[in-house]
Structure formats: C-alpha cells, structure tokens
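Peer 1: The primary structure of each chain is shown beneath.
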Amino acid sequence: AQSVSQHNHHVILSEAASLELGCNYSYGGTVNLFWYVQYPGQHLQLLLKYFSGDPLVKGIKGFEAEFIKSKFSFNLRKPSVQWSDTAEYFCAVNARGAAGNKLTFGGGTRVLVKP
Amino acid sequence: EAGVVQSPRYKIIEKKQPVAFWCNPISGHNTLYWYLQNLGQGPELLIRYENEEAVDDSQLPKDRFSAERLKGVDSTLKIQPAELGDSAVYLCASSSLEGEQFFGPGTRLTVL
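First to last, the sequence lines map onto chains A and B.
With the numbering used here, the residue at position 68 of the first sequence is 116, and numbering never jumps.
With the numbering used here, the residue at position 61 of the second sequence is 463, and numbering never jumps.
Read the hints as simulated data drawn from the structure, not as lab findings.
Computed from a prediction, not measured in an experiment: that's the story for all the values here.
Hints may be right or wrong, so weigh each one.
[As the list claims (entries may be wrong)] Calculated Cβ distances over 10 angstroms to all of chain B for the following chain A residues:
| no. | residue |
| --- | --- |
| 1 | Asn56 |
| 2 | Leu61 |
| 3 | Ala65 |
| 4 | Asn72 |
| 5 | Gly77 |
| 6 | Leu104 |
| 7 | Lys119 |
| 8 | Pro127 |
| 9 | Ala143 |
| 10 | Leu160 |
[As the list claims (entries may be wrong)] In silico SDA-like pairs for lysine to any residue, Cα to Cα no more than 20 angstroms straight-line:
| no. | chain 1 | residue 1 | chain 2 | residue 2 |
| --- | --- | --- | --- | --- |
| 11 | A | Lys150 | B | Gln461 |
| 12 | A | Lys150 | B | Gly474 |
| 13 | B | Lys413 | A | Gln90 |
| 14 | A | Lys97 | B | Thr433 |
[Said to hold, decoys possible] Partial pick of chain B residues on the chain A-facing surface, computed with a CB cut under 8 angstroms:
| no. | residue |
| --- | --- |
| 15 | Pro445 |
| 16 | Glu502 |
| 17 | Gln503 |
Even for Gly, the Cβ is constructed at its ideal location relative to N, Cα and C.
Based on the sequences and whatever the hints tell you, model everything.
Peer 2: Here it is in structure tokens:
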C-alpha cells in the first residue's frame, strides 16, 4: 500500500522568506504526484501536479515542486512567500494503474506567513 | 463552471442519531469520491464511484456508513447511528476518468 509523509506539521515564516515543504512517498511503482492547498475557510485546490516528463513542475501562484525518483520525494518550494500563502498544504500520491484514481494524502503542513 | 457542491456545510447532532450528506459533482464527471478528514490530518478515501458503481469501498465502515449514487450523478453518504468519533469533515470530490480531482467545501460534522 502507498503512504505519504510530510515532515513538517507547522511552519512559521516571514513574508519574502523562501519556503520548502518536504514530501516523501512509499510506493515502488509509477506514481502521479500532487500538491493541494487549503486556504482558511476554503476547499482543497490543486497547486500543481506531476505525471511524467520534466521533474521540475511549476504550478500556480509561483509554486514549484521537484520530483526526485531516487529519493521518492516531491518537495514543494516557493522562493518568496506572501502573507496570502498562509494555508495548509497537502501532498498526495496516486499509484498509477493500481487502484484507479485513488489519492493517498500526507498529513498536511500548516504554513503561517507573518506580515 | 460550477464546482462540486456539498450540503449541509455544517451539521451538529447527538450521538446515535442518523445523519446524511449530499454531494453534486461537476457536470460530466463520472468519478465521485467521498473522503473523511480528521482534524490535523489529510483526507482519507471512504468510497469511490465510477458512474453509479462503487468500485472501491474498502475503507468504508459498512456497519454504520452507507453511500449511494443511484443515477450516477449526485451522491449521498449516510451514517447511522453516529458516534462521537465520527466528528470530522466529510469531503466530496469528482473527476473525469483518471483526471484531476476537484473538491467540494466539505461538511463539518460534530457529534455531541
């Protein structure tokens, strides 16, 4: 069975600081990878996704993520955060072909950006 | 384009009472998902439908939980009877086959 681990439960940083959120998964086969964001009071939204090709994926709002297959990682980055990036971030994995389009989520990382 | 619609947004009930949640997916999306999200955790899949067929309900506690998607469009998730530990957010999502999942706002259930 696949599993997803997000190393940081809470991150606090100031505006303009750089952000990196770790995500590791355990599954030996081919995967699709996702980062979702949940802003306060809003529903889950897709930030970016990786299916194949260039392992450096660019998403919305200046976010990017890098898939490192050898490390089973898909870390999320943003060079300079804004107060509006305060949210909870979830990494998710879909084991391609194994069980249909079933997402397994990590536990989430709460990010607080201080103005 | 309208997103995934869920109702109610909030529900407070006493333990042992029944409760039902409703979801209307994005038009044209054949796949519908119900997730459970406990506080401080990521969503966990309860059941997945392809059209009206439940193709993955392995994580659904069938002694008290049931779901239906009779006409392959909207869906209802029911808990009977509810227990204190069922307090959580119940999320509905939909997708085209193998496509991106779009999530609704969720129903926050509190069982007293």
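Peer 1: Could you work out which earlier hints the structure fails to respect and list their numbers in ascending sequence?
Peer 2: Going through the list in order, the structure violates no hint and respects every one.
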